[in-house]
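Engineer: The primary structure of each chain is shown beneath.
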Amino acid sequence: MIIVVDVGSDVPIYQQLRDRVVEAIAAGTARQGDPLPSTRALAADLAINMHTVAKAYDLLRREGLVQLTRRSGAVVARDRDSGPPEPGFVADWQARTRVLLAEALSHGVDPDTVLAHCSRLLHQGVES
Amino acid sequence: MIAIQLAVVVLLGSVAWAMPSLTKPTLPFGVRVPPDRQHDPAIDRARRQYRLAVTAVTVLVLGVAGLVDRTGDAAPAALVPLGFVLLTWTCYYRAHRQLRAVKHEHAWYSGHRQVAVADTGLRTAPPAYPWAWALVPVVIVGATLTGGIIAYPHLAARIPMHYSSSGVDRWADRTPLTAFSGVLTQVALTVLLLWLCATVTRSRPDLDADDPAGSADRYRRFVGQMQRALLVLTAAGDVSLGAVQALSWAGTRSAALVTVTGTVPTLVGLGAVLAVAVRAGQGGSRLRTPTGAPRAGDIADRDDDDRWYAGGLYVNPNDPAFLVPKRYGIGWTLNFAHPAAWLLLAALIAVPILVRIATR
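Residue numbers (the numbering used here), protein chains in the order written: chain X, 1 to 128; chain P, 1001 to 1360.
In case anyone wonders, no lab produced these hints; they're calculated from the structure. It is possible that part of the hints are untrue.
Claimed, not checked - Calculated lysine to any residue pairs in the SDA-like style (CA-CA distance at most 25 Å, straight line):
1. K55(X) with R1097(P)
2. K55(X) with G1224(P)
3. K55(X) with G1121(P)
4. K1326(P) with T1071(P)
5. K55(X) with P1317(P)
6. K1326(P) with V4(X)
7. K1326(P) with N49(X)
8. K1326(P) with G1224(P)
9. K55(X) with A1125(P)
10. K1326(P) with K55(X)
11. K1326(P) with D10(X)
12. K55(X) with R1202(P)
13. K55(X) with R1113(P)
14. K1326(P) with I2(X)
Using the sequences and the accompanying hints, generate a full structural model.
Structural biologist: See the structure below:
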């Protein structure tokens, strides 16, 4: 998995890290059971603070996407083939989608364009 | 003696001359530049001026070395390589300052997205340690040790410990420590380099923002080749030390014989490291890989110039890495904000001093 973080971005780096891992799971480049680097190793590779990586991993753990164990470190906990989502996930995700779609509409993006974009992303497995 | 010195100066001069072609194209003279600036005329100009200066310095130093040799004085002769290294470093530093100024003046980084890139595969499936190659130096040390144990009862009461141009200038009474000082040095060298080979796989690669997958692939191959070259150097160094140790057990008085057996194998080992450096370039930047293709656009490696001091000293307390790729040169350097870097430096200085005190 290649992780690219934009250090000049307004989006905090821990959030970017979390987003890149979620995208990698969606694209199939990270599968259930795949190990992730230790917080120290990933922080060293990106020349960022260890706490930033720890924060991203903790976020992913709370979302149920990553399992943190003392013995084997961070491991991808689920992927697209791991069965239906946890109860409550869909409702929460729908609420966030509402805001995202509202942004598009309020900026005058045509609904058909929005749909076409979403369908293209879904077919690519949301790979950039 | 003068022939060896002149050869060393010519070799170092050639390495200094070639270095701008061996480093990453986006790190000319240790200055981080965006990919779309790597062919800027200012960089070409700096490179031309640098090479002209290095050539002039090499010719000058060769001339001075020749003059010093005529006086027959050994002390200034030892300063020739040191002076040469200082002068070529000045050539580099001048080019470094010059490029940094141009980069700031013309705001090369404005309008670029600065990113940091990591390949998690390098951590979760790191390159395998070349155990078979590591076995060779271990066997050489073992053979020297065994030979010494067999020969020990038959050794003379006094053993030559140090040579100068006129012959042996320091003798010591035969004790296990004095008789095995060369073996002790072999063990220290071997342990250090075997450990270094294991550590470099964990060091941070300097991946390209515009070609993460391709540069990760090149870095993997670079690490593999460099580890093997370092292990060849370890084996060669052990052969040098072992041969000199055997000569001292035999009570050899000829300094010339000791100098030749002590340097030739090590030079062959250095040749292996140099060959990989020239072929692969820093971080594998000269290797060609089928995977990956440079992405055009506004993306650039993070501008980390302000973490590097005097053109090559890395100090970043926020970076958990202690071994990082050199900016200008081949291989790795230390993060001097990391305690482990100072521990390693202390060990490097302490071990030879301890070996010397123990064998006095």
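Engineer: Take the hints in turn and mark each one as holding or not.
Structural biologist: Taking the hints in turn, this is what the structure says about them:
1. For the suggested pair K55(X) and R1097(P), the alpha carbons sit about 38 Å apart, so the restraint of at most 25 Å is broken.
2. Between K55(X) and G1224(P) the alpha-carbon distance is near 33 Å, which puts this suggested pair outside the 25 Å criterion.
3. This hinted pair checks out: K55(X) and G1121(P) have alpha carbons roughly 21 Å apart, not beyond 25 Å.
4. As the CA atoms of K1326(P) and T1071(P) are separated by approximately 39 Å, the hinted pair breaks the 25 Å bound.
5. For a cut-off of 25 Å, the pair hint linking K55(X) to P1317(P) stands: about 19 Å separates their Cα positions.
6. Taking the CA atoms of K1326(P) and V4(X), the gap is near 22 Å; set against the 25 Å cutoff, the hint holds.
7. Proximity of K1326(P) to N49(X) is assessed by CA-CA distance (about 21 Å); at most 25 Å being required, the pair is judged to hold.
8. For the suggested pair K1326(P) and G1224(P), the alpha carbons sit about 17 Å apart, so the restraint of at most 25 Å is met.
9. For the suggested pair K55(X) and A1125(P), the alpha carbons sit about 24 Å apart, so the restraint of at most 25 Å is met.
10. Only pairs whose Cα atoms come within 25 Å are accepted, and K1326(P) paired with K55(X) is rejected, the gap being roughly 30 Å.
11. Distance restraint check for K1326(P) and D10(X): the Cα-Cα separation of roughly 30 Å exceeds the 25 Å cut-off, and the hinted pair is therefore not satisfied.
12. Restraint check for K55(X) and R1202(P): satisfied, since their Cα atoms lie roughly 22 Å apart, inside the 25 Å limit.
13. Taking the CA atoms of K55(X) and R1113(P), the gap is near 24 Å; set against the 25 Å cutoff, the hint holds.
14. Between K1326(P) and I2(X) the CA atoms are separated by roughly 22 Å; this keeps the pair inside 25 Å, and the hint holds.
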